[in-house]
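*Asks:* Going by this note's numbering, 44 is the number at position 44 of the sequence shown; the sequence numbering is gapless.
If you're looking for bench data, these hints aren't it; they were derived computationally from the structure. Positions of the beta carbon are idealized from the N, C-alpha and C atoms, including for glycine. Treat the hints with care, since some could be wrong.
[Unchecked claim] Beta-carbon label-pair distances, calculated as ranges:
| hint | residue 1 | residue 2 | range |
| --- | --- | --- | --- |
| 1 | G108 | P31 | 33 to 39 Å |
| 2 | G66 | E30 | 19 to 25 Å |
| 3 | V53 | P119 | 29 to 35 Å |
| 4 | E61 | Y27 | 28 to 34 Å |
| 5 | E26 | G58 | 25 to 31 Å |
| 6 | G77 | E54 | 17 to 23 Å |
| 7 | G66 | A39 | 19 to 25 Å |
| 8 | E61 | E26 | 33 to 39 Å |
| 9 | A88 | P29 | 18 to 24 Å |
| 10 | M1 | G58 | 23 to 29 Å |
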Amino acid sequence: MRPTLILLSDSATKAVILERLRTAGEYQPEPVFDRLTVAGASFGVDPTDAVLVEYDVGVLERVLPGGRAHAVMIEYGAREQVRPLVLAVADGLDGVLDTNYGPYLRFGDLPASGWLARPGHPGRDDTPGDPLAVFEEQSEEVVRN
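Based on the provided sequences and hints, a complete structural model is requested.
*Replies:* Structure below.
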């Protein structure tokens, strides 16, 4: 099983994310996970909100206040493969990335994210964080680079 990321947003933003994913490379709808191939990297995409049943309602309200959350889950091999895809689909949008292995990341913080920038496979090189810490804090040094 490969690691996953979950893009959390409102319904209008989710529609934009899905359109960007469908045009990012070769997109093939499938019964379980849709398949997306971009620059030789393969991704699984779950465009349903099914993963939301795994979230505590209070956590969802805390990370995405002001409305009903919607989700797009992306299955990937390594962060260096998924980083350009996530940056492209989230660019200029409001929402939250759940890394499944640490802090939540606001879409606007993704370019400076230390977690997303590290190479490798999550779980092997990460210590799970406290999900109630909520968001990764950006140091001034990371943001400047």
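*Asks:* Indicate, hint by hint, whether the structure satisfies it.
*Replies:* Checked hints:
Between G108 and P31, the C-beta spacing of about 34 Å keeps the proposed range 33 to 39 Å intact. Range check, G66 to E30: about 33 Å between beta-carbon atoms, so the 19 to 25 Å window is missed. Taking 29 to 35 Å as the suggested C-beta distance range, the pair V53 and P119 conforms, at roughly 32 Å. Look at E61 against Y27: about 32 Å separates their beta carbons, and that is inside 28 to 34 Å.
At roughly 39 Å, the beta carbons of E26 and G58 sit outside the given window of 25 to 31 Å. About 22 Å separates the C-beta atoms of G77 and E54, a value consistent with the hinted range of 17 to 23 Å. At roughly 35 Å, the beta-carbon separation of G66 and A39 lies outside the given 19 to 25 Å, and the hint is violated. For E61 and E26, the Cβ-Cβ distance of about 37 Å falls inside the hinted range of 33 to 39 Å, so the restraint holds.
Under the hint 18 to 24 Å, the C-beta atoms of A88 and P29, about 20 Å apart, fit the expected range. Range check, M1 to G58: Cβ separation about 27 Å, and the 23 to 29 Å hint holds.
The earlier numbered hints that this structure contradicts are 2, 5 and 7.
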